[in-house]
Structure formats: structure tokens, C-alpha cells
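S.K.: Here's the letter readout for the chains.
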Amino acid sequence: NAGVMQNPRHLVRRRGQEARLRCSPMKGHSHVYWYRQLPEEGLKFMVYLQKENIIDESGMPKERFSAEFPKEGPSILRIQQVVRGDSAAYFCASSPETVDGYTFGSGTRLTVV
Amino acid sequence: SQQGEEDPQALSIQEGENATMNCSYKTSINNLQWYRQNSGRGLVHLILIRSNEREKHSGRLRVTLDTSKKSSSLLITASRAADTASYFCATVSSGGYNKLIFGAGTRLAVHP
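From first to last, the protein sequence lines are chains A and B. Count along the first sequence from 1, add 3, and you get the number used in my numbering. Count along the second sequence from 1, add 34, and you get the number used in my numbering.
Don't read these hints as lab results, they were simulated from the structure. Since we're looking at a predicted model, the values are computed, not measured. Ideal Cβ placement from N, Cα and C applies to all residues, glycine included. Watch out, some of these pointers could steer you wrong.
[Claimed, not checked] Here are the simulated lysine-lysine pairs, DSSO-like style, with alpha carbons at most 27 Å apart:
1. A/47 <-> B/103
2. B/90 <-> B/60
3. A/30 <-> A/74
4. A/65 <-> A/54
5. A/47 <-> B/60
6. A/47 <-> A/30
7. B/60 <-> A/65
8. B/104 <-> A/47
9. B/103 <-> B/60
10. A/47 <-> A/65
11. B/104 <-> B/60
12. A/54 <-> A/74
[Said to hold, decoys possible] Computed footprint of chain B on chain A; a stretch qualifies when at least three of its residues, placed anywhere within it, have a C-beta under 8 Å from a C-beta of chain B:
13. 32 to 42
14. 88 to 99
Can you make the complete structure from the sequences, with help from the hints?
M.R.: Here it is in C-alpha cells:
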């Protein structure tokens, strides 16, 4: 059981480029969550997805950010036209149908230069 | 908006002492969870306490939950330098689906 796999671990992008962050949930988990953590702060909820459905995107910025969890393959968090303020650690978590049993990935640290 | 608020924001103690961190939240919950994060690393799940539970133990960890006060505490007994980390509480709201809402965390430093 490989756990929640996030890649890449570190990502450097220049301002204006696109960032694509990937998350493969644990086997058997159908719920995926994305969180963002700024330095010295707690995690902030961004989006909650099930296969092919966005359930709650109340934490997503209105522009430039999108997320998907296709029928096949990993969940993708996409940030278009990145700005320096997007620099943060992005964590993905997955869970089965029940309300407990969350497992977090190791995160992707995005640096915008 | 964030659900949980931890206090203190930072805590500095000597090895062997106990560390107590508190968490308050605003809405009715299904469960409350505590996580640890070492600097620059991912989150490690420590313990989950359900809304119908009042206390739970795991090794040197003791968690209490008071739903009437909407608060929880995490006690680490006989602390070690390796316990140095940030500790976060996170809640799953009742009546809804299972998304975690985190507090801002307590930064614990344990000095040898």
C-alpha cells in the first residue's frame, strides 16, 4: 500500500507559467481533498473531489485555479499564470467513503520565481 | 474560514515535561483529529476522537473533547526533543461530508 502519492515533490515555475500538481489517492479511496499551506500557517481547504465530480470548491481562488479527478488517473490541481503569491506547499489527502481514515501525501512545494 | 483555533501559538518546554495544547472550534462536529507536522514535511495523523467520546489515549498522547465547550486538548507526556513540531487540530463537521478544517497550529519546541 503506497499511500497517497504526490508529485512532483518540488516544483519551480516562473511567473506566468502553468503549474500542474498530481495526486494519486490510496487504493480504495474515492475521495480526494486539496489543501494549501503558506509558510508558518495552517492548512487551508481548497477543493474536495470524488471521481469525475467536484463536490466542494469553496476554498479555490476564483481565477487561475482548477482541479479534476478523472475516472482514470490521478487528481490534478492546475494553476495557470502563476504569481509569486502562489508559492506554498500543496497537500493532497484521500479517504474512503467513511468520514474518518484520512491519509495525506507528502506535499508539493511550489516556488514561483 | 478556519474552524479550529489552537492555543498557545507557540510552546517551549524542557525534555521530560508535559505539553498541553488546546483547540476550540465553532460548529457541531462528527470528529476531531490531531496532526503533527515536522518543519518542511507532510502531516502525520496522531489521533481521532469522535463527538461521542470524551477522552482517548495513544501512547504518550492523551486527547480530550468537550463538545459543550467546543474544545479539545492534546497532552503529550514526558516530552522528548523528537516531539518538536507543529501540532494541528482539524474537525469534520457533522451533517455534511468529510472535509477537514484545520486550525493555525501550535509550534512546540522541546529542549534537551
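S.K.: Compare the structure with each hint and give your call.
M.R.: Do the hints match the structure? See the list:
no.: 1; hint: A/47 <-> B/103; in the structure: 24 Å, holds
no.: 2; hint: B/90 <-> B/60; in the structure: 21 Å, holds
no.: 3; hint: A/30 <-> A/74; in the structure: 14 Å, holds
no.: 4; hint: A/65 <-> A/54; in the structure: 22 Å, holds
no.: 5; hint: A/47 <-> B/60; in the structure: 16 Å, holds
no.: 6; hint: A/47 <-> A/30; in the structure: 25 Å, holds
no.: 7; hint: B/60 <-> A/65; in the structure: 26 Å, holds
no.: 8; hint: B/104 <-> A/47; in the structure: 20 Å, holds
no.: 9; hint: B/103 <-> B/60; in the structure: 9 Å, holds
no.: 10; hint: A/47 <-> A/65; in the structure: 15 Å, holds
no.: 11; hint: B/104 <-> B/60; in the structure: 7 Å, holds
no.: 12; hint: A/54 <-> A/74; in the structure: 6 Å, holds
no.: 13; hint: 32 to 42; in the structure: holds (count 3)
no.: 14; hint: 88 to 99; in the structure: holds (count 3)
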